[in-house]
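J.: Sequence:
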Amino acid sequence: MWPYIGEFVEKILRESVEPSVRKSLPAALQSFKFSTIDLGDIPPRTGGIKVYSQLKRDEIYMDLELNYSSDCDIAVNIKGINAGIKDFRVNNSLVFFWFFFHYTDKGMAT
1 MWPYIGEFVE
11 KILRESVEPS
21 VRKSLPAALQ
31 SFKFSTIDLG
41 DIPPRTGGIK
51 VYSQLKRDEI
61 YMDLELNYSS
71 DCDIAVNIKG
81 INAGIKDFRV
91 NNSLVFFWFF
101 FHYTDKGMAT
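Heads up: the sequence shown at position 59 corresponds to 59 in the UniProt record's numbering, and the numbers run straight through without jumps.
Heads up, a few of these hints could be off.
[Stated by the list, open to error] Listed below are the simulated DSS-like cross-link pairs for lysine-lysine, each with C-alpha atoms no more than 25 Å apart in a straight line:
{"id": "1", "residue 1": "K79", "residue 2": "K33"}
{"id": "2", "residue 1": "K11", "residue 2": "K86"}
{"id": "3", "residue 1": "K33", "residue 2": "K23"}
{"id": "4", "residue 1": "K33", "residue 2": "K86"}
{"id": "5", "residue 1": "K33", "residue 2": "K11"}
{"id": "6", "residue 1": "K79", "residue 2": "K11"}
{"id": "7", "residue 1": "K23", "residue 2": "K11"}
{"id": "8", "residue 1": "K11", "residue 2": "K56"}
Everything labelled a hint here was simulated from the structure, so no lab data went into it. Just so it is clear, the structure is predicted and the values come from calculations on it, not from any experiment.
Could you put the whole structure together from the sequences, leaning on the hints where they help?
T.: Encoded structure:
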């Protein structure tokens, strides 16, 4: 699945991010272009997951540990100057909170 996510991210960066960055830069720097976008072969990993149970009936609260030690290669070029990122690493804890709404014949109820 990871190679497909890499293709998806590349498409977003080239079609959405690159034009937005170009528009926000001064005219002299509008040659901004991603020259290389490769997320690498190592996918992110999830570590500890904790789901809290002492909540209201319609809530889910979850902690998720995310580790990403990548062999990525992302490079940009501006006016012939190259810059990039290789071997990117992120360790983080994410918190998710879901609240569910119920629909009844009288409309939405919480």
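J.: Each of the hints needs a verdict: does it hold here or not?
T.: Status of each hint after checking the structure:
Distance hint between K79 and K33 is fulfilled; the C-alpha atoms sit about 9 Å from each other, no more than 25 Å. A threshold of 25 Å between alpha carbons decides the hint, and for K11 with K86 the separation of about 19 Å falls inside it, so the pair holds. Distance hint between K33 and K23 is fulfilled; the C-alpha atoms sit about 12 Å from each other, no more than 25 Å. For a cut-off of 25 Å, the pair hint linking K33 to K86 stands: about 17 Å separates their Cα positions.
A threshold of 25 Å between alpha carbons decides the hint, and for K33 with K11 the separation of about 13 Å falls inside it, so the pair holds. With a CA separation close to 22 Å, the supplied pair K79 and K11 stays within the 25 Å bound. Between K23 and K11 the alpha-carbon distance is near 18 Å, which keeps this suggested pair within the 25 Å criterion. Using a Cα cut-off of 25 Å, the hinted pair K11 and K56 is violated, with the two alpha carbons roughly 40 Å apart.
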